[in-house]
Amino acid sequence: MTATILPLVFDGLCFDARGERLIHDLTATLRGGVRTILLGPNGAGKSLTLRLAHGLLRPSAGSVCWTGNRAQAAREGQAMVFQRPVMLRRSVAANVDYALALRGLARAARRSLVDEALARAGLGDVAGRPARVLSAGEQQRLALARAWAVGPEVLFLDEPTANLDPAATRTVEEMIAAIHEAGATIIMTTHDLGQAHRLADEILFLHRGRLMEHMAAAAFFAGPQSAEAKAFLTGDLLW
Amino acid sequence: MSDFHDAFASAFSLIFDLNADLVEIIGLSLKITFSGVALSALIGLPLGAAVSLLRFPGRGAVVVVLNALMGLPPVVVGLVVYLLLSRAGAFGVLGLLFTPTAMIIAQCFLITPILAALTRQIIADLWEEYSEQLRSLGTTPARAIPTLLIDARATLLTTILAGFGRAFGEVGAVMIVGGNIAHSTRVMTTAIALETSKGDLPLALGLGMILLLLSLAINGGAYVLGDIARRELR
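Line by line, the protein sequences are chains A and B.
Just so we're aligned, residue 2 is where the first sequence starts under the working numbering, counting upward by one.
Just so we're aligned, residue -5 is where the second sequence starts under the working numbering, counting upward by one.
Some hints could be false.
Pulled from the structure, derived: some chain A residues nowhere near chain B, Cβ distances all over 10 Å [claimed, not checked]:
hint, residue
1, 76
2, 170
3, 199
4, 202
Per label pair, the in silico range of CB-to-CB distance [said to hold, decoys possible]:
hint, chain 1, residue 1, chain 2, residue 2, range
5, B, 122, A, 5, 33 to 39 Å
6, A, 116, B, 17, 52 to 58 Å
7, B, 50, A, 5, 32 to 38 Å
8, B, 119, A, 5, 37 to 43 Å
9, B, 123, A, 21, 22 to 28 Å
Calculated directly from the structure, the hints in this document are not laboratory data.
Note that CB positions come from ideal geometry on N, CA and C, so glycine has one too.
With the hints as extra help, turn the sequences into a complete structure.
And the structure:
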């Protein structure tokens, strides 16, 4: 990989909607190469933070800075998988092909990349099927394959397994691990503690739009500093 | 009531004798409507999607105008196209007035705003669902136009058929610019208008029934087609 776009720096990041401040003054530096999990209860601002980082939302104040100050490289170095992936009404293979075409790859080059991506997701057999008839688990795998195919340096995942059963969750987590091993930095939200345990290298714990903790996963699970994180880890309701 | 009885009789005899004039009129009706709607779809669908997805100054005004033009009175359209195509008009040199081409142009003026306005709404709704995913993939608004048009194809097919229905039954505009000339620009609707004014009500009614039947057949076929499309293209 050439010049990296990481680390990613949040500097005093704020986000308002309808006059209400939903993200408060978030400052953090996300390192490359690791799996960072944004953890917190519903409404903590995890998904908002992810969308701000990915550029889908514009900060109300503060900034999201990628290293290198090259807008196009930063844009093309990212991909995102959503909680409910949107599949285009075309075949499974064409969905991956579409993402590659947007990156300006020639048709001939795309074909082998599509096959490769679908094989990695275990979807090679259904390449010709309409994407929308796949099960939820298969669709999420396709979304991962689509994101992986473009070779992102950073992969954002927004609660990628929230709608899936345990078996599908497991395959998706295996894919995430494989994508990380292949060299991508993972930045992911979850409210599932078990999943955070399994996947996290670093934890950002958010509560009511504020960053409460940012530390290595092992340290976080061993001894969180804030009362909110302690309560979250022991399963108390947070309001 | 005897009018209706005679109408049925004349409709049946027209159909079963395979009256040459009738076949010619039906053929021209279909040709003009298909061409007009096809042309409108080529213009209206991308236009509607563009208005829906692109942000430019005056976009709000364009939306209002498009919606207002949906209810455009056909005679006014006919009159405007007549003025444009008449000898003294801007396009008079083309000599298109009182030709089927003029009728296609008038149909196009009528149907394009309808297709554009409906397409705009359909694409706007779809964009709600798709926008985050597409923006994440790196789709620009301009690139999203063909993407969303393709993904909305089942719904858009229904929209095009609504335009077809309107064009097929339209009389005011095609009468003015076509002139209802026998063997040249006479279509189902203008023929009905003519027979009515001549007082040949059974014939007019008979033609009207055939028009209805054709409309029904086309819409039925379209419904089946749309249904298949929706199932196949989920």
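Comparing the hints with the structure gives:
1. 76: 7 Å, violated
2. 170: 21 Å, holds
3. 199: Label holds. Min Cβ-Cβ 25 Å, cutoff 10 Å.
4. 202: 24 Å, holds
5. B/122 <-> A/5: 33 to 39 Å: 35 Å, holds
6. A/116 <-> B/17: 52 to 58 Å: Holds, since residue 116 of chain A and residue 17 of chain B (Cβ atoms, about 54 Å apart) stay within the stated range.
7. B/50 <-> A/5: 32 to 38 Å: 37 Å, holds
8. B/119 <-> A/5: 37 to 43 Å: The hint (37 to 43 Å, Cβ to Cβ) holds, given that residue 119 of chain B and residue 5 of chain A are roughly 40 Å apart.
9. B/123 <-> A/21: 22 to 28 Å: About 25 Å separates the Cβ atoms of residue 123 of chain B and residue 21 of chain A, which means 22 to 28 Å holds.
When each numbered hint is compared with the structure, a violation occurs for hint 1 only.
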